[in-house]
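From first to last, the protein sequence lines stand for chains X and A.
Residue numbering for the first sequence follows our numbering, starting at 2 and increasing by one per position.
Residue numbering for the second sequence follows our numbering, starting at 44 and increasing by one per position.
Treat the hints with care, since some could be wrong.
Below are the DSS-like pairs computed for lysine-lysine, each with C-alpha atoms no more than 27 angstroms apart in a straight line [claimed, not checked]: (1) A/K114 x X/K43; (2) X/K43 x A/K100; (3) X/K80 x X/K43.
What follows is a set of in silico ranges between Cβ atoms, one per label pair, in the way DEER data are often shown [what the hints assert, rightly or not]: (4) X/A18 x A/K114: 44 to 50 angstroms; (5) A/F53 x X/G17: 36 to 42 angstroms; (6) X/A21 x A/L140: 29 to 35 angstroms; (7) X/D78 x A/S127: 29 to 35 angstroms; (8) A/G106 x X/K3: 20 to 26 angstroms; (9) X/G10 x A/F53: 25 to 31 angstroms; (10) A/T63 x X/E4: 28 to 34 angstroms.
Honestly, the hints are just simulated from the structure, not real lab data.
We put the CB at the ideal spot given by N, CA and C, even for glycine.
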Amino acid sequence: RKEVEQDPGPFNVPEGATVAFNCTYSNSASQSFFWYRQDCRKEPKLLMSVYSSGNEDGRFTAQLNRASQYISLLIRDSKLSDSATYLCVVNIWGATNKLIFGTGTLLAVQP
Amino acid sequence: NAGVTQTPKFRVLKTGQSMTLLCAQDMNHEYMYWYRQDPGMGLRLIHYSVGEGTTAKGEVPDGYNVSRLKKQNFLLGLESAAPSQTSVYFCASSRQLAGGTGELFFGEGSRLTVL
Chain X
2 RKEVEQDPGP FNVPEGATVA FNCTYSNSAS QSFFWYRQDC RKEPKLLMSV
52 YSSGNEDGRF TAQLNRASQY ISLLIRDSKL SDSATYLCVV NIWGATNKLI
102 FGTGTLLAVQ P
Chain A
44 NAGVTQTPKF RVLKTGQSMT LLCAQDMNHE YMYWYRQDPG MGLRLIHYSV
94 GEGTTAKGEV PDGYNVSRLK KQNFLLGLES AAPSQTSVYF CASSRQLAGG
144 TGELFFGEGS RLTVL
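All chains should be built: construct the whole structure from the sequences, respecting the hints.
Right under this line is the structure:
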């Protein structure tokens with residue numbers, strides 16, 4: 002079982018739609034969680050951190066469910082410019098502090 | 044604002060050839076990383092460095108060597124390239140180790156093809 006699992010998509014949605022992605026993680030020692038955005042043939046960039054209480058940044062909302070070991074990303078009022086791959090990232094603390102990247106979920110927003 | 048710069052951006056090698064990827068960062072970050080990204084695999088850590096003169100193995104270090112002689116530079120070497128090393132390579136840097144804040148700053152990537 003992969004440590005971080007995401008639905009690869011693609012999610013094809015019209016402009017203005019609301020779309021949500023989930024990501025599950027298997028290691029209960031996971032301490033911190035993040036969403037990265039990666040445009041086609043570009044480098045990943047941090048989109049937002051995911052806090053236990055949930056957090057919102059404009060049209061983006063991230064939530065964490067430790068009991069079920071998943072995090073989610075909600076995008077409201079989708080824009081064409083939101084089309085990208087969204088990477089779920091989990092930080093596992095311990096002897097080797099490391100980030101585990103999911104394979105990503107592809108979002109395509111249609112005009 | 045250059046951030047993290049990787050060279051070269053593209054390279055085609057024949058099996059058995061050697062090459063070096065150069066990563067330079069201008070943010071005075073202590074920590075630097077080399078990842079590879081393959082379809083269906085996600086980003087995987089090859090090697091990392093916690094400061095000038097230090098290096099450490101990541102998840103997939105075999106076939107690669109690294110050096111960090113200067114704080115701003117992190118070099119990734121392939122001594123004898125194999126087709127399995129065909130990938131997109133990303134260098135990254137951060138203020139804190141790995142997931143302190145979760146924010147890694149990535150270079151634009153280097154696409155390597157080994158024939």
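| request: Verify the proposed pairing of X/K43 with A/K100, using a straight-line Cα cut of 27 angstroms. | output: holds (25 angstroms)
| query | For the pair A/F53 and X/G17, does the Cβ-Cβ distance stay inside 36 to 42 angstroms? | reply | holds (38 angstroms)
| said: Taking the Cβ atom of X/D78 and the Cβ atom of A/S127, is their distance within the range 29 to 35 angstroms? | reply: Once the Cβ atoms are compared, 43 angstroms apart, the range 29 to 35 angstroms for A/S127 and X/D78 is violated.
| Beta-carbon spacing of X/A18 to A/K114 - inside the hinted bounds 44 to 50 angstroms or not | holds (46 angstroms)
| request: Verify the proposed pairing of X/K80 with X/K43, using a straight-line Cα cut of 27 angstroms. | output: holds (19 angstroms)
| query | In this structure, is the beta-carbon distance linking X/A21 and A/L140 contained in 29 to 35 angstroms? | reply | holds (31 angstroms)
| message | Against the range 20 to 26 angstroms, how does the distance between the Cβ atoms of A/G106 and X/K3 compare: consistent or not? | response | Taking Cβ atoms as reference, A/G106 and X/K3 lie about 23 angstroms apart, which means the hint holds.
| Does the Cβ distance between X/G10 and A/F53 fall inside 25 to 31 angstroms? | holds (27 angstroms)
| Restraint check for A/K114 with X/K43, where alpha carbons must lie at most 27 angstroms apart | With Cα atoms ~25 angstroms apart, A/K114 and X/K43 stay inside 27 angstroms; holds.
| Cβ separation of A/T63 and X/E4, checked against the hinted range 28 to 34 angstroms | At 31 angstroms between Cβs, range holds.
Going down the numbered hints, you'll see the structure goes against just number 7.
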